[in-house]
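Which chain is which? The protein sequence lines are S and F, in order. For the first sequence, this note's numbering begins at 12 and goes up steadily by one. For the second sequence, this note's numbering begins at 4 and goes up steadily by one.
None of these hints come from the bench; they were simulated from the model. Worth double-checking, as some hints may not be accurate.
As the list claims (entries may be wrong) - Computed far set for chain S versus chain F, every beta-carbon distance over 10 angstroms:
| no. | residue |
| --- | --- |
| 1 | 143 |
| 2 | 213 |
| 3 | 313 |
| 4 | 404 |
| 5 | 421 |
| 6 | 475 |
| 7 | 481 |
Stated by the list, open to error - DEER-style ranges, computed between Cβ atoms:
| no. | chain 1 | residue 1 | chain 2 | residue 2 | range |
| --- | --- | --- | --- | --- | --- |
| 8 | F | 92 | S | 59 | 25 to 33 angstroms |
| 9 | F | 98 | S | 50 | 44 to 52 angstroms |
| 10 | S | 367 | F | 95 | 27 to 35 angstroms |
| 11 | S | 34 | F | 130 | 28 to 36 angstroms |
| 12 | F | 95 | S | 197 | 51 to 59 angstroms |
Think of the CB as a built atom: it goes at the ideal place given N, C-alpha and C, for glycine as much as any other residue.
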Amino acid sequence: MSAHGSMIPRVPFEEAARVAIEDTQLRRNLGKATTTIRAKRLAVVNELSDWEALRTAGAAIKDRMLARMDEYLLQLEESVVRAGGKVHWASDADEANRIIVELVRQRGATEVVKVKSITTDEIRLNEALSNAGINATESDLAEFIIQLAGEASSHILVPAIHKNRSEIRELFMRKLGVTNLSDQPAALAEVARTFLRERFLTADVAVSGANFGIAETGSVCVVESEGNGRMCLTLPKVLISVMGIEKMLPTWQDLEVFLQLLPRSSTGERMNPYTNLWTGVTPGDGPEEFHLVLLDNGRTNVLADEVGRQTLRCIRCSACLNVCPVYSRTGGHSYQSVYPGPIGAILTPQLVGVENAPSLPYASSLCGACYEVCPVKINIPEVLVHLRGKVVREKRSRLRGRYSPESLGLRALGWTFSDASRYERAQRTGRRAQKPLVNNGWIERVPGGALSGWTGARDLRPIAQQTFREWWKERK
Amino acid sequence: MKVSLFITCFNDTIFPETGRATVRLLERLGHEVDFPLEQTCCGQMHFNTGYQEEALVLARRFVKVFGGAEAVVAPSVSCVGLVRDSYLPLAEESGDAELVAAVRAVVPRVYELSEFLVKVLGVEDVGAYYPHRVTYHPTCHSLRAMRLGDAPLRLLRAVRGLELVELPEATECCGFGGTFAVKNADTSVAMLGDKVRSVLTTRAEVCSAVDNSCLMQIGGGLHRMRAGVRTVHLAEILASTEEEPAL
């Protein structure tokens, strides 16, 4: 019943990745973009002598909120209502969509403008609105581009990172009927600006996500770079903000930490160009109606997991994507979820259940680059391994999983390693068995099994003629 | 000091020359080396692939075998990383208080080889001679998990005859990642391709590291290409002398 469709991979990650890796233009676009953002991030992070202390504070604030989330949520509701806003509770995507469609209908509107928000992608809001006869226009330039292209976002912060300028130029000419367009960024932005201005001025309803929601004051914060978000947040009469419950912060003062951590980690800027903060409604200034939709959609399940709950600290900065050697080769679409990259590999399986995304926790070499840059110190490798444990336990609970080649193989290896003489026998047996494959000290092809994947592109070293322990025994 | 060598199953079975070099080096520096024959595998592959049940059995075995050791030294930073970072949470999750205590007792005495030399013994010049052009790949575990810092580089810089060339984009993962290398073979190979390109731009004849698993990935790629660059574990370079030079 719950609409997890925006997050459930249709094919295993490795299959999707195999195709994506072949796309040389994608590799080039991603490589160029992530390298640029990485360098910018590093430069602005190195400027701060207290960066590590800020990360620690960011993690601690989020942990404080998570430990007493129930109380803070009620406080947030009270604060929003006090400031003239309305609060709606949505346990899953369907409920959130029903609430939003109903709110738009009450206003009699058929057009809404949207501020960039992954949470609304998570619940597939645009699809739900469209089914209800309501047209949603994405106002963030990159979101606008992929909406026009009919594609999904491939990056948390830079949804169209997989496209380069000339691809965007071609798209605008084809879809918007523009002629004589150059591929200069300013010219491309101008096309989108002209198109979007009209929408800002005519739409009655705007929908946004939320970067932060302050329990103490009921204030909501959206940070952005373009100013299009501010148009949406201030011009239409009705504002609906969808917020995952983990985006909450206990106090106003906590923003001090996060407004330093977020821009430096995400765009590599000291400060984001637009910081929008509002508290309820103010007569004569901004929207007349403000609705905050608080979304669970699997988040309380994540909270219940002692190791996994650190995932809920995430502020969607995407620093982990930009440093990830897997993401930069496979692109975001290989993850087949609105949450790609390292954070997606741990968040998606937890939101939809590991049985629905069992390949994602394995989409990592555990290199640790993500953990090193995470502004809220999410130990992503630790959570990945924890989730792999859950995948294995889940598979082993079923007959087919229990007797899969991998499960049997690793069980047999475990049994072999649990006794030294058994292990030594296995070394000798392996050495005899590998003989037909060894050529000049290397194995160039293993005909079947897991190792055939290795020898597809790499040579393999065989079991040594004399193992170390054989040498040691001989030497004594 | 009496050093208990934790060879790791991977080195024991596939790269015995690294083990022999470690013994030679430590004995040359005046230490007594012991090799408990009951040791097998630390359980890294099982743990990282999600087979915690099997990993727990191997962790129990490790603390039993090395429990009384003065210092446990391994020429593999990722295996040491598993023992140091993951044994305690694994033991705690098992609810076995005795195991938790045994893990707590042994973990502070488990070292990776270059870390042991530089940080415990305080030596950088181990009297090695290795007249080759070498580039060094800092593995992910050495950089980000065990934080070895520049210990391996300090050791390499003190080797006579060795010409050390900096590896471009050195901190990038080589794509090994244990079972990742076969489960996600295509992505692993795409990562390897970039690493191999970096190695080749150095025009080094040897690529070294503190983990043979990453070196098997890099070396396997280089060998497939017949690139003319070999991979050699740091221990073998450090064991090499004018009297007994290593290749």
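*Do the beta carbons of residue 95(F) and residue 197(S) sit within 51 to 59 angstroms of each other?*
Holds - the Cβ-Cβ distance for residue 95(F) and residue 197(S), about 57 angstroms, lies within 51 to 59 angstroms.
*Reported absence of residue 213(S) from the contact zone with chain F (all CB gaps over 10 angstroms)*: 46 angstroms, holds
_Nearest-CB test (10 angstroms) between chain F and residue 475(S)_ = Answer for residue 475(S): violated, closest chain F Cβ roughly 5 angstroms.
*Please test the hint of 25 to 33 angstroms on the beta carbon pair from residue 92(F) and residue 59(S).*
About 31 angstroms separates the Cβ atoms of residue 92(F) and residue 59(S), which means 25 to 33 angstroms holds.
_Taking 28 to 36 angstroms as the stated bounds, is the beta-carbon spacing between residue 34(S) and residue 130(F) within them?_
This hint is violated: roughly 52 angstroms between Cβ atoms.
*Please confirm whether residue 481(S) is truly not at the interface, meaning its C-beta sits more than 10 angstroms away from all C-beta atoms of chain F.*
Label violated. Min Cβ-Cβ 8 angstroms, cutoff 10 angstroms.
*Taking the shortest Cβ-to-Cβ distance between residue 143(S) and chain F, state whether it exceeds 10 angstroms.*
For residue 143(S), whose nearest Cβ neighbour in chain F is about 40 angstroms away, the distance exceeds 10 angstroms, so it holds.
*Beyond 10 angstroms from every chain F Cβ: check whether that's true for residue 313(S).*
18 angstroms, holds
*Just checking, residue 404(S) versus chain F, shortest CB gap more than 10 angstroms?*
Incorrect as stated: the minimum Cβ-Cβ distance to chain F is 8 angstroms, not above 10 angstroms.
_Cβ separation of residue 367(S) and residue 95(F), checked against the hinted range 27 to 35 angstroms_ = 29 angstroms, holds
*Would the least Cβ to Cβ distance between residue 421(S) and chain F come out above 10 angstroms?*
5 angstroms, violated
*Per the hint of 44 to 52 angstroms, is the separation of the Cβ atoms of residue 98(F) and residue 50(S) within bounds?*
The hint (44 to 52 angstroms, Cβ to Cβ) holds, given that residue 98(F) and residue 50(S) are roughly 47 angstroms apart.
Hint check: violations occur at hints 4, 5, 6, 7, 11; the rest are consistent with the structure.
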